[in-house]
Amino acid sequence: MTMNMIPMCKQTQTLLNVPQSTGGGHGHKFNPRRQKDKVVVVMGATGTGKSKLSIDLATCFPAEIINSDKMQVYEGLDIATNKITREEQRGVPHHLLGFVDPNADFTANDFCDVTCLAVESILGRDRLPIIVGGSNSYVEALIDGYDYNFRSRYDCCFLWVDVSVPVLHSFVSDRVDQMVENGMVEEVRDFFDPNADYTRGIRRAIGVPEFDNLFRNGPLLDEKTRADLLEKAINQVKDNTCKLACRQLDKIRRFRNKGWNLHPLDATEVFRKRGKEANQAWERLVSGPSAVIVSQFLYNVKPEVPTNLAAIRKTATLAAA
1 MTMNMIPMCK QTQTLLNVPQ STGGGHGHKF NPRRQKDKVV VVMGATGTGK SKLSIDLATC
61 FPAEIINSDK MQVYEGLDIA TNKITREEQR GVPHHLLGFV DPNADFTAND FCDVTCLAVE
121 SILGRDRLPI IVGGSNSYVE ALIDGYDYNF RSRYDCCFLW VDVSVPVLHS FVSDRVDQMV
181 ENGMVEEVRD FFDPNADYTR GIRRAIGVPE FDNLFRNGPL LDEKTRADLL EKAINQVKDN
241 TCKLACRQLD KIRRFRNKGW NLHPLDATEV FRKRGKEANQ AWERLVSGPS AVIVSQFLYN
301 VKPEVPTNLA AIRKTATLAA A
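Residues 1 to 321 in the numbering used here are what the sequence shown lists, from first letter to last.
Where hints are given, some of them may not hold.
[Stated by the list, open to error] The calculated DSSO-like cross-link candidates involving lysine-lysine, where the alpha carbons are at most 27 angstroms apart (straight line), are:
1) Lys251 - Lys238
2) Lys238 - Lys224
3) Lys258 - Lys36
4) Lys243 - Lys273
5) Lys238 - Lys273
6) Lys258 - Lys38
7) Lys243 - Lys258
8) Lys38 - Lys273
9) Lys243 - Lys232
By construction, these hints were calculated from the structure, which means they are not laboratory data.
Using the sequences and the hints, build the whole thing.
What follows is the structure, given as structure tokens:
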């Protein structure tokens, strides 16, 4: 799957430098009629396009994004943790992205505390908080923890981007190859510490411990043995990423059994296409239907609202005026 990205037009913000004033910002205000404030949560296994969907929604509605990936909260290793790039962010403010010391531990409780502050800050600017990431344990702690305090304060809309497992595994394998081509091995090598603890901080991320044997012993080995270790490490990254995707899917299915109102969006066809056809399938199967769901969630619009994104943006503008 290849989909074109629009260049960003504005610097992103982290929670550490979020302005506290209400209103303002680019775009129209988010001001639906509601009894409780509303939050959108985008879920899915790794590689399914969650970040892309969150950006699509944030350019359709006045919104800001809160990262819920437990490895992407850390500074550094942008390639290995697959952080969304400045270009891909397209000027949409992001929170909880690359702001924690890589050697520190950032727990689910820490995530809940900081996310609640971010949500209130975003709502204070009349914008929609969109929580997106693959760490479902963090999302579960936020939604069902704190004696259900989050649910008592906010209405939540859950979007689930789903891709069939065989198609997703093939894509994940190709994505790892692309990450290697983009410099992941060199990035992780620069971060290597022979005394490091792989149970703490960012070093728990898939794509870090798998290379330990190569970096620790590689300089003492011949070229062929080093090449074999490199290939083995890359294959381990692929295998572990696919296993992670399966665990994520199992967790999401359990959320459904717990009564979470998930809106599944099957993106399998998107990943079977390339270029323009992939973009068209994405809008038809994922971003368009998601915008309709969010429109209904925010503004109580009728189901016959068009799935064309341009029309939905116009509807959202009129509703928030």
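>> Can you confirm whether the C-alpha distance between Lys243 and Lys258 stays at or below 27 angstroms?
In response: OK: Lys243 and Lys258 at ~23 angstroms, within 27 angstroms.
> Would the pair Lys38 and Lys273 pass a check requiring their Cα atoms to be no farther apart than 27 angstroms?
Replying inline: Measuring from Cα to Cα gives roughly 34 angstroms; hence the hint is violated.
>> Does Lys38 sit within 27 angstroms of Lys258, going by the straight-line distance between their CA atoms?
In response: Judged against 27 angstroms, a Cα distance of about 20 angstroms means the pair holds.
>> Just to be careful, I want the Cα atoms of Lys238 and Lys224 compared with a cutoff of 27 angstroms; is the pair within it?
In response: holds, 21 angstroms
>> Run the distance test for Lys251 versus Lys238: straight-line Cα separation, threshold 27 angstroms.
In response: Measuring from Cα to Cα gives roughly 20 angstroms; hence the hint holds.
>> For Lys238 and Lys273, compute the direct alpha-carbon distance and say whether it is at most 27 angstroms.
In response: Holds - the C-alpha atoms of Lys273 and Lys238 are around 22 angstroms apart, at most 27 angstroms.
> If you draw a straight line from the CA of Lys243 to the CA of Lys273, is it 27 angstroms or shorter?
Replying inline: holds, 24 angstroms
> Does the structure keep Lys258 and Lys36 at a Cα separation of 27 angstroms or less?
Replying inline: Distance ~22 angstroms between Lys258 and Lys36 Cα, so the pair holds.
> Does the structure keep Lys243 and Lys232 at a Cα separation of 27 angstroms or less?
Replying inline: holds, 16 angstroms
Hint 8 from the list above is the single one not met by this structure.
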